[in-house]
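Let the hints inform the model, and build the full structure from the sequences given.
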Amino acid sequence: MAEVRLVDIEKRYGNFLAVPQQSLTIEDGEFLVLLGPSGCGKTTTMRMIAGLEEITSGDIQIAGERINDKPPKDRDIAMVFQNYGLYPHMTVRQNIEYPLKLRGVDKAARTKRVQEMADKVELGALLDRRPSELSGGQRQRVALARAIVRTPKIFLMDEPLSNLDAKLRVTMRAELKHLHHELGVTTVYVTHDQMEAMTLASRVAVMREGRIVQLDTPKKIYAEPANLFVAGFIGSPSMNLVDGAVRNGMFRAEGIEVPVSLADREGVVIGIRPEELEIAGDASASINGKLYALELTGDSTLVTLRSGQTMLCARGPADFEAPIDAPCHLTPKPGARIHLFDRASGQRLDGTRH
Amino acid sequence: MNKHFTRWGERALLVLISVVVLFPIAWMFLTAFKQPRDAYSLSLNFVPTLQNFVTVFSDPWNLGSMVMNSVTVATVTVLIAVPCASLAAYSFSRFCVRGRKFLFFLILSTQFIPAVVIVLPFFLMFRSLELLDTRTALIIVNLAIVTPFVIWMIKGFIDAIPTDSEEAAMIDGASRFRVIKDIVLPMAAPGILTSSIFCFILTWNEFLFALILSRRDAVTLPVGLVSFRTERGDLWELMSAAGVMITVPIFVMALLIQKHFTRGMTAGAVK
Ligand SMILES: Nc1ncnc2c1ncn2[C@@H]1O[C@H](COP(=O)(O)OP(=O)(O)OP(=O)(O)O)[C@@H](O)[C@H]1O
Ligand SMILES: [Mg+2]
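Residue numbers (the numbering used here), protein chains in the order written: chain A, 1 to 354; chain B, 1001 to 1271.
By construction, these hints were calculated from the structure, which means they are not laboratory data.
A portion of the hints provided could be inaccurate.
What the hints assert, rightly or not - Here are the simulated DSSO-like cross-link-like pairs (lysine-lysine), alpha carbons at most 27 Å apart as the crow flies: (1) A/153 - A/177; (2) A/120 - A/153; (3) A/107 - B/1259; (4) B/1181 - A/73; (5) A/101 - B/1181; (6) A/70 - B/1181.
Unchecked claim - Derived DEER-like restraints, expressed as beta-carbon distance ranges: (7) A/128 - B/1255: 50 to 56 Å; (8) B/1255 - A/211: 55 to 61 Å; (9) A/343 - B/1099: 51 to 57 Å; (10) A/165 - B/1091: 42 to 48 Å; (11) A/236 - B/1108: 51 to 57 Å; (12) B/1189 - A/345: 56 to 62 Å; (13) B/1084 - A/20: 40 to 46 Å; (14) A/165 - B/1084: 47 to 53 Å; (15) A/12 - B/1020: 55 to 61 Å; (16) B/1189 - A/124: 27 to 33 Å; (17) B/1091 - A/132: 26 to 32 Å; (18) A/343 - B/1091: 53 to 59 Å; (19) A/170 - B/1163: 32 to 38 Å; (20) B/1259 - A/56: 42 to 48 Å.
All C-beta atoms, glycine included, are put in the ideal place defined by N, C-alpha and C.
Following this line, the structure appears as structure tokens:
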């Protein structure tokens, strides 16, 4: 039982408010992903849980116990640091072995465990090198192996896969998913990678300027972003957001007319994901403009359309072809989710089906 | 053309400075192997002898006991000063205590007091403690002189080590002392070694306090040199031999420092 509870925590660096007062409960065995732009306080939040950063006010509880004043070593946490924090004077083997050594695990067991971990992160052949003799991605894997070499109460992982190539990242992601399934250890995980967030998380916390703006399951975050910030941040390519107004059950902006079920209102932002738009045949479509760019991504083509001042992106079939500047029409797919937000507050107005 | 000229000018200047600096040292080394009658000639044409070294180690000069005093005082000073200073430097570097900057300044400020000002109070103090002319007194005095300096120096080395690895070790379950032992010391080792050698050299060369606080039993090498100025005149060849005894260990250490100094500067964590 290792539920992590942050109660009214706040963090200031001098006058700078890094994390404003808020609460967050991470359930026992949960895989919580922190998502947010650079500098929004993800690392700071983790470091407070780890005990590396003093909290300015509030309480941190692990498994019901207030641990504000407990040093990091007594919190039973394993962490992958964003900047690795390897021991430069030790070999890879000694690096991975260190947490076990500190806990008095005997030599034979240690050697076996280190070998297992090294194989898991595909570093088996490099055990006798020093960190300075490794590439960035290899160093990151040492940091990862060092964290998962023992079973702590809580895993904290600060972008643990950020430096790996695409293939290795997928393998490692699966490893981590399996590990979490196997051990059920409460995990807090920072990433910028949408896929990682979606595939790994039990819940995602989207942060902005230190504040958690939405905390929900990946599905819910994707399907029902609570505000414009989350809508724009989650998804790749990001959601099309267009300013306009609703009149007589129709959202209108230059070149755009989409039926919505919302009372008449000015200052509305409509949001439609690129994967929920399709290319239409003629000008009776909802969105009309000129073709601005075509980008082949492999399994599909990203079609960018320019309508007045706004750009909209749609995910079309891989074999779609048309000359740039040709007239182009898009329409929401049947059953597509149309998101509506209030321009002024940025809050979600309503989610309606087309 | 002009550039060429400055290049040569620079070289000439360097050579000139080297000659001026090295001349007394070269002279000392040569004189140490001369017989008394050759001591005053600058000629390189002499028959070298080791007699001077034999003489200085025998009665009445007994350089041997001075060597012992110097070695003991310098070694013990280093052995006490460096561990204490390392811990102090670590604290100054890593812990945010209120008034830390002031405290650090206070410690350093002891270095600004001219030695002549405090040598008399020290003399009186050791007299009432009946420690005059003992190595203990010299060790105490040297500790007072050297420790602030070593703290300052080691703090510089520790400041240069990123805290990442330390934090990682604490998360991995290491106590503060374990962190210092397993992470900080190995990484700061070149710097600490350099500081130790500096500390040794400072103590080894200390003259003023040793002169005032010792008379016969605790005389160190630099003070011992003075005794070669006798009523029969200055015995240059003996003084040079003793001078060589003082200088050679320092030369060796300077060489060691040089090698480790660059290591000390380039050591550091990897990202
Ligand atoms: N020691 C510090 N002193 C002052 N400000 C700090 C300190 N550490 C972090 N900050 C500030 O706190 C804010 C949050 O930083 P944090 O490292 O948590 O961001 P992050 O979300 O992890 O970003 P990234 O994705 O780039 O790693 C930033 O604006 C940063 O400038
Ligand atoms: Mg960060």
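Hint by hint, here is what the structure shows:
1. A/153 - A/177: Within the cut-off at roughly 17 Å; holds.
2. A/120 - A/153: This hinted pair holds, its Cα atoms lying about 21 Å apart.
3. A/107 - B/1259: violated (36 Å)
4. B/1181 - A/73: holds (16 Å)
5. A/101 - B/1181: holds (14 Å)
6. A/70 - B/1181: This hinted pair holds, its Cα atoms lying about 21 Å apart.
7. A/128 - B/1255: 50 to 56 Å: This hint is violated: roughly 32 Å between Cβ atoms.
8. B/1255 - A/211: 55 to 61 Å: holds (59 Å)
9. A/343 - B/1099: 51 to 57 Å: The hinted range 51 to 57 Å holds for residue 343 of chain A and residue 1099 of chain B, with Cβ atoms some 52 Å apart.
10. A/165 - B/1091: 42 to 48 Å: holds (43 Å)
11. A/236 - B/1108: 51 to 57 Å: Given a distance of about 55 Å, which is inside 51 to 57 Å, the answer is holds.
12. B/1189 - A/345: 56 to 62 Å: Taking Cβ atoms as reference, residue 1189 of chain B and residue 345 of chain A lie about 59 Å apart, which means the hint holds.
13. B/1084 - A/20: 40 to 46 Å: holds (44 Å)
14. A/165 - B/1084: 47 to 53 Å: holds (49 Å)
15. A/12 - B/1020: 55 to 61 Å: Since the Cβ atoms of residue 12 of chain A and residue 1020 of chain B sit about 59 Å apart, the hinted range of 55 to 61 Å holds.
16. B/1189 - A/124: 27 to 33 Å: At 30 Å between Cβs, range holds.
17. B/1091 - A/132: 26 to 32 Å: Check passed, 28 Å falls within 26 to 32 Å.
18. A/343 - B/1091: 53 to 59 Å: holds (55 Å)
19. A/170 - B/1163: 32 to 38 Å: holds (33 Å)
20. B/1259 - A/56: 42 to 48 Å: Holds - the Cβ-Cβ distance for residue 1259 of chain B and residue 56 of chain A, about 47 Å, lies within 42 to 48 Å.
Checked against the numbered hints given earlier, this structure breaks hints 3 and 7; the rest are met.
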